[in-house]
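Chains as they are written, first to last, in numbering that gives the first Met the number 0: chain F, 0 to 133; chain C, 0 to 133; chain V, 0 to 133; chain X, 0 to 133.
Check the hints yourself; a few may be wrong.
Unchecked claim - Derived coverage of chain V by chain C (criterion: at least 3 residues anywhere in the stretch with Cβ under 8 Å from a Cβ of chain C; other residues may be distant): (1) 7-14; (2) 37-47; (3) 80-88.
As the list claims (entries may be wrong) - The following label-pair restraints were derived from C-beta to C-beta distances: (4) Leu72(F) / Leu127(X): 21 to 29 Å; (5) Asn39(C) / Lys88(V): 55 to 63 Å; (6) Gly51(C) / Leu46(V): 47 to 55 Å.
Stated by the list, open to error - Okay, the calculated bits of chain V under chain X, using three or more residues with CB under 8 Å as the criterion: (7) 51-57; (8) 93-102.
Simulated from the structure, these hints should not be mistaken for lab results.
Just so you know, even glycine gets a beta-carbon here, dropped at the ideal spot from N, CA and C.
Protein chains: 4
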Amino acid sequence: MIKSELLYRVLYAHTDMMGVIYYAKYFEYFEAGRNDLLRNLDYPYLLLEEKGYALPVIEAHCTFHKAGKYDQLLRIVTMMKDLPSVRLKLEYEIYNEETLLVSGYTIHSFVNNKTLKPVRPPEDFMILMKSKFK
Amino acid sequence: MIKSELLYRVLYAHTDMMGVIYYAKYFEYFEAGRNDLLRNLDYPYLLLEEKGYALPVIEAHCTFHKAGKYDQLLRIVTMMKDLPSVRLKLEYEIYNEETLLVSGYTIHSFVNNKTLKPVRPPEDFMILMKSKFK
Amino acid sequence: MIKSELLYRVLYAHTDMMGVIYYAKYFEYFEAGRNDLLRNLDYPYLLLEEKGYALPVIEAHCTFHKAGKYDQLLRIVTMMKDLPSVRLKLEYEIYNEETLLVSGYTIHSFVNNKTLKPVRPPEDFMILMKSKFK
Amino acid sequence: MIKSELLYRVLYAHTDMMGVIYYAKYFEYFEAGRNDLLRNLDYPYLLLEEKGYALPVIEAHCTFHKAGKYDQLLRIVTMMKDLPSVRLKLEYEIYNEETLLVSGYTIHSFVNNKTLKPVRPPEDFMILMKSKFK
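Next comes chain F alone, as it looks inside the complex:
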């Protein structure tokens, strides 16, 4: 498993009139988490784009366990549990201190970033991933 942890501060902008983080915002936090995981692998997402790829989300899910609040310093845990193929699955858990707020996942498809057609992942990316999953 590949894993990263990122601290992320909740803005007023992320809250809603219920006084808690608006549900859709967690999907932005998921993005922050996966950016971080790829950067930590020395394969930042921008590198994928520079090589002509993109990784659009084809499925997203979130379960909301407990309300997050303004100013909390969230811990976004991002996990790649399986070697990617033409698809890549990432799982997320977001904590405030030791309390799990949400868990979820996103599934991505490798595409050509001009045509948006599905393609095989870049070879150097796969070599890197395989080295991590050994």
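Dock chains C, V and X against the given chain F, drawing on the hints supplied.
Quick look at chains C, V and X alone, frame taken from chain F:
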């Protein structure tokens, strides 16, 4: 089944550098859809809040079929297929003209909007829902 | 003066824990207003992009008079008071019923949408604008 | 002058189809900056709310000098140049490395966070500010 259809214009604000609608934005469109469905039932969400209830999302899912783009006049179809109980499930399909862009659902829990503790839905709401599902 | 009026429903997503519309959201409403104004002139913003132009914001201002709230059906009034040149200024007033919530403006620069360098506005756009300001 | 500097990573969520940061997002970055400035003074914004105050924005301005991009690690510089009174002005500069992307300001009013009516700032806040401006 209770169903509503809402037209919603895509802003530049909703797009990302891939040139398409950013994935998390669809969950805001889902919200626009469910507001619309409740308003059409003459039971707008604000009425729930005025009565001391809230309906936080406890689970959200979206499958992305095709990229949506700036300036499209999306059609957000919101469906309640089952009589709500302590939980309420809504399903969504978002179309650009005849093309299905995304489909998904949200599951909500009735809570007291002060304590955020789960409660039974308001009686008049249930009477109304039952009249629609007969 | 060229003027347009657009009705826009406030989502829960636009509110914050103060129970009102988050201040930065009004700049998205301004965008909705200017899209509407251009569309009403039969010169939608997408047409500008198709012709190789873009209109990035170079200055934005908003004065907040009164708090907007969830579910209000705002009226976004967008006004072009002066003939555009290399720059275009738009002014906005957003109302809930007869109450002015915010007023503001944005100043835009015509640029080549590949190089992002400033350029003169398209000739057919200027002819159209001149016909409106006669 | 009171000043803080905060590093803030640009998400894909913040970009638009022009490939740059969407203009309204900078106002969220301003919020991140002012949260940081208040926290560094040991008077976090939440403390103001706990004492019954809020600090809504009554005026906001931004000048856009250069386009910001995905994945940049922005430096948000927030400055309080004048001792606050019933109003508080904050100025912002956002840099990518040494390049100034935007500059702007927000003006806030102290209000009672129940009634949203203007009030004098809390005394301990003013004592703290005065000690900084000596």
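query: For the region 7-14 of chain V, do three or more residues have a beta carbon lying closer than 8 Å to a beta carbon of chain C?
result: Holds, because 4 residues of the region 7-14 of chain V bring their Cβ atoms closer than 8 Å to Cβ atoms of chain C.
- prompt: the region 37-47 of chain V covered by chain C? Criterion: 3 or more residues, Cβ-Cβ distance below 8 Å.
  reply: With 3 residues close enough to chain C, the hint holds.
query: So does Asn39(C) sit 55 to 63 Å from Lys88(V), Cβ to Cβ?
result: Once the Cβ atoms are compared, 39 Å apart, the range 55 to 63 Å for Lys88(V) and Asn39(C) is violated.
message: Against the range 21 to 29 Å, how does the distance between the Cβ atoms of Leu72(F) and Leu127(X) compare: consistent or not?
response: holds, 23 Å
field: Claimed coverage, the region 93-102 of chain V by chain X - three or more beta carbons nearer than 8 Å
entry: violated (count 0)
Satisfaction of the hinted span 47 to 55 Å by the C-beta atoms belonging to Gly51(C) and Leu46(V): holds, 50 Å
- prompt: If you look at each residue in the region 80-88 of chain V, do at least three have a Cβ nearer than 8 Å to any Cβ of chain C?
  reply: violated (count 0)
- request: Report holds or violated for chain X covering the region 51-57 of chain V, Cβ cut-off 8 Å, minimum 3 residues.
  value: holds (count 4)
Hint check: violations occur at hints 3, 5 and 8; the rest are consistent with the structure.
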